[in-house]
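Participant: Single-letter residue listing:
4 protein chains.
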Amino acid sequence: MNDTTVTLVGNVATAVEYRDTAAGGVARFRFAVTARRWDRERGLWSDGNTSFYTVSAWRSLGANLAASVSVGEPLVVHGRLKVREEERDGQRKTFVDVDATAVGHDLSRGTAAFRRAVRTEPAPQPEQDPWTVAAEEGTAVPPQLVTAS
Amino acid sequence: MNDTTVTLVGNVATAVEYRDTAAGGVARFRFAVTARRWDRERGLWSDGNTSFYTVSAWRSLGANLAASVSVGEPLVVHGRLKVREEERDGQRKTFVDVDATAVGHDLSRGTAAFRRAVRTEPAPQPEQDPWTVAAEEGTAVPPQLVTAS
Amino acid sequence: MNDTTVTLVGNVATAVEYRDTAAGGVARFRFAVTARRWDRERGLWSDGNTSFYTVSAWRSLGANLAASVSVGEPLVVHGRLKVREEERDGQRKTFVDVDATAVGHDLSRGTAAFRRAVRTEPAPQPEQDPWTVAAEEGTAVPPQLVTAS
Amino acid sequence: MNDTTVTLVGNVATAVEYRDTAAGGVARFRFAVTARRWDRERGLWSDGNTSFYTVSAWRSLGANLAASVSVGEPLVVHGRLKVREEERDGQRKTFVDVDATAVGHDLSRGTAAFRRAVRTEPAPQPEQDPWTVAAEEGTAVPPQLVTAS
Numbered sequence: 001m002n003d004t005t006v007t008l009v010g011n012v013a014t015a016v017e018y019r020d021t022a023a024g025g026v027a028r029f030r031f032a033v034t035a036r037r038w039d040r041e042r043g044l045w046s047d048g049n050t051s052f053y054t055v056s057a058w059r060s061l062g063a064n065l066a067a068s069v070s071v072g073e074p075l076v077v078h079g080r081l082k083v084r085e086e087e088r089d090g091q092r093k094t095f096v097d098v099d100a101t102a103v104g105h106d107l108s109r110g111t112a113a114f115r116r117a118v119r120t121e122p123a124p125q126p127e128q129d130p131w132t133v134a135a136e137e138g139t140a141v142p143p144q145l146v147t148a149s
Numbered sequence: 001m002n003d004t005t006v007t008l009v010g011n012v013a014t015a016v017e018y019r020d021t022a023a024g025g026v027a028r029f030r031f032a033v034t035a036r037r038w039d040r041e042r043g044l045w046s047d048g049n050t051s052f053y054t055v056s057a058w059r060s061l062g063a064n065l066a067a068s069v070s071v072g073e074p075l076v077v078h079g080r081l082k083v084r085e086e087e088r089d090g091q092r093k094t095f096v097d098v099d100a101t102a103v104g105h106d107l108s109r110g111t112a113a114f115r116r117a118v119r120t121e122p123a124p125q126p127e128q129d130p131w132t133v134a135a136e137e138g139t140a141v142p143p144q145l146v147t148a149s
Numbered sequence: 001m002n003d004t005t006v007t008l009v010g011n012v013a014t015a016v017e018y019r020d021t022a023a024g025g026v027a028r029f030r031f032a033v034t035a036r037r038w039d040r041e042r043g044l045w046s047d048g049n050t051s052f053y054t055v056s057a058w059r060s061l062g063a064n065l066a067a068s069v070s071v072g073e074p075l076v077v078h079g080r081l082k083v084r085e086e087e088r089d090g091q092r093k094t095f096v097d098v099d100a101t102a103v104g105h106d107l108s109r110g111t112a113a114f115r116r117a118v119r120t121e122p123a124p125q126p127e128q129d130p131w132t133v134a135a136e137e138g139t140a141v142p143p144q145l146v147t148a149s
Numbered sequence: 001m002n003d004t005t006v007t008l009v010g011n012v013a014t015a016v017e018y019r020d021t022a023a024g025g026v027a028r029f030r031f032a033v034t035a036r037r038w039d040r041e042r043g044l045w046s047d048g049n050t051s052f053y054t055v056s057a058w059r060s061l062g063a064n065l066a067a068s069v070s071v072g073e074p075l076v077v078h079g080r081l082k083v084r085e086e087e088r089d090g091q092r093k094t095f096v097d098v099d100a101t102a103v104g105h106d107l108s109r110g111t112a113a114f115r116r117a118v119r120t121e122p123a124p125q126p127e128q129d130p131w132t133v134a135a136e137e138g139t140a141v142p143p144q145l146v147t148a149s
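Chains as they are written, first to last, in this note's numbering: chain A, 1 to 149; chain B, 1 to 149; chain C, 1 to 149; chain D, 1 to 149.
Incorrect hints may have been included.
[To be verified] To be clear about the criterion: a stretch of chain C counts as covered by chain D if any three or more of its residues have a C-beta under 8 Å from a C-beta of chain D, and this derived list gives those stretches:
1. 54-66
2. 73-80
3. 97-111
[Claimed, not checked] Derived contacts from chain C toward chain D, CB cut-off under 7 Å, selection only:
4. T7
5. V9
6. F114
7. R115
8. R116
9. A117
[Unchecked claim] If you want the ones that stay clear, here's a sample from chain D, every Cβ over 12 Å from chain A, calculated:
10. T14
11. T21
12. A113
Hints were generated in silico from the structure; no laboratory data involved.
We treat Cβ as the ideally placed atom computed from N, Cα and C, and that holds for glycine.
With the hints as constraints, model all of the structure from the sequences given.
Facilitator: Here you go:
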């Protein structure tokens, strides 16, 4: 309830890092979304600000992502948005995370050959919250991921 | 302005139909989104209502879609939602269309190999409205597409 | 899961109809969203297609809506989108419904004085689906609502 | 193009600050979105993480917001999401901004009396970007706003 869902269209900014946890496997990477503005005077599109997000994908989505996605590739990322503030080394830091529920290569930028996976794990129950499990296990986002750009 | 953006997670319900128009090539297909509900008594997810949409994709997105997507494949579709009412054969019909801006195979359901395309056409200018161009040309959605399920 | 969330910015097209059901009170009305396009030649915005939706709001949201909203007022409507096809009088009809989770008067069009309600009913449990309850009770959307424009 | 639209449902965390700029008036405030999770063992909803955003609203939306909204009130905020990184005092800071396009009091939490405004200013042209104008004028978000919680 009160979840903020968001759809990001952009590019993978760091290598996908995959790890196993007690809550299931998770893939994480930094993702870049560059706004584009129509420049009336010059009659063309120009790049605006680039927003960076840390995307997490759990279980089968995470495993398939790790097997399919490389740095620089264009993706559509759909998921839940979360802004966290934490103390790190005596400073207050802001982290912008997306817990992905569906991800695909953006076909406006190229072609893709899809191969359906056989489902080998049960779907999660609604009250499971990977963030909470990860926090309890101490498998939070590693610093090198969240500060990379 | 006042555009309604939507992200659909579901499956391709009809073959992708591609055609050339003066506004550029366009790919169209029917898309099915099935809600899933947690059944507390039985302890499992069960299928709910299935919503059907007619998805249109223009220019390079349309061409890449036609080259990459088959019936039954799972997709993430991001675009502008539009509900139209028209008289057909003396009856009022309702059409639910999505003008896609980004589409990808849903990696929660399988893996994909992506191949970047070389861009060969300019990006559209903001005031171009493919719907209007299509309407003027008489290249509206063919009846067999909108009534298929 | 696989819910399609949508945010509509538009105007109330019919009077809000409120009724009590075993699943709680529900408010329903038709809602109009008019796309606007930038006309480069004339240097102004012009109206495009108008999309119509049937919005339902349950429990406290429904009661507050019925007490606050009049025909013609501008709203922001956030909720779950659902497209249904049904046989009516031997014809196949398409209905486009939004089950609202949050609704407010659009302050880009005017001012509003807000008054917080004392919460008198418990929040719903996650597995409750008002649509299902309504269907079982036969309290589906009345014909005059879905065909009004 | 590539804009990330988002709808936030939450509460106003700081007083609305309104100021005039050459790009028009702008209202700004911090906004808090608290996720809620279903606790299966205890059979109730419990609060999760709170995400904070800096919301900006320009022109008539900004003026009406400043005249209508107080700290603590529940809102629905629809707009464009932007994550910025800046050097401040030798440290890299992350800012999460929403440029609002429509905002309303959340009627799931109370009632509202709406009063339509007479439009006295022209709608913006599509290529205007308030962020850019603000940056050129040096009317960026004041530090006390972005660090407040």
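Participant: Under 7 Å, Cβ to Cβ, is where C:R115 needs to be relative to chain D, so tell me if that hint holds or is violated.
Facilitator: 5 Å, holds
Participant: For the stretch 73-80 of chain C, count the residues whose Cβ lies under 8 Å from any Cβ of chain D; is that count three or more?
Facilitator: The restraint on the stretch 73-80 of chain C holds, since 5 of its residues have a Cβ under 8 Å from chain D and three suffice.
Participant: Report holds or violated for the interface hint on C:A117, using the least CB-CB distance to chain D and a cut-off of 7 Å.
Facilitator: With a closest approach of 4 Å, the C:A117 hint holds.
Participant: Closer than 8 Å, Cβ to Cβ, for at least three residues: run that test on the stretch 97-111 of chain C against chain D and report holds or violated.
Facilitator: holds (count 11)
Participant: Can you tell me if the stretch 54-66 of chain C counts as covered by chain D, using C-beta to C-beta distances under 8 Å and a minimum of three residues?
Facilitator: holds (count 5)
Participant: Take a quick look at D:T14 and tell me if its Cβ sits farther than 12 Å from every Cβ on chain A, holds or violated.
Facilitator: Holds: least Cβ distance 15 Å, greater than 12 Å.
Participant: Please confirm whether D:T21 is truly not at the interface, meaning its C-beta sits more than 12 Å away from all C-beta atoms of chain A.
Facilitator: At about 19 Å from chain A, D:T21 clears the 12 Å cut-off, so the statement holds.
Participant: With 12 Å as the threshold, tell me whether D:A113 passes as away from chain A on beta-carbon distances.
Facilitator: Fine: 25 Å to the nearest Cβ keeps D:A113 off the interface.
Participant: Going by Cβ atoms only, is C:T7 closer than 7 Å to chain D?
Facilitator: Since chain D brings a Cβ to about 4 Å from C:T7, closer than 7 Å, the hint holds.
Participant: Given C:F114 was flagged as interface, is its beta-carbon under 7 Å from a beta-carbon of chain D?
Facilitator: Nearest chain D Cβ about 4 Å off; hint holds.
Participant: Hint C:V9 vs chain D: min CB-CB distance below 7 Å?
Facilitator: 5 Å, holds
Participant: With a cut-off of 7 Å on the beta carbons, see whether C:R116 makes it to chain D.
Facilitator: 4 Å, holds
The structure agrees with every numbered hint stated previously.
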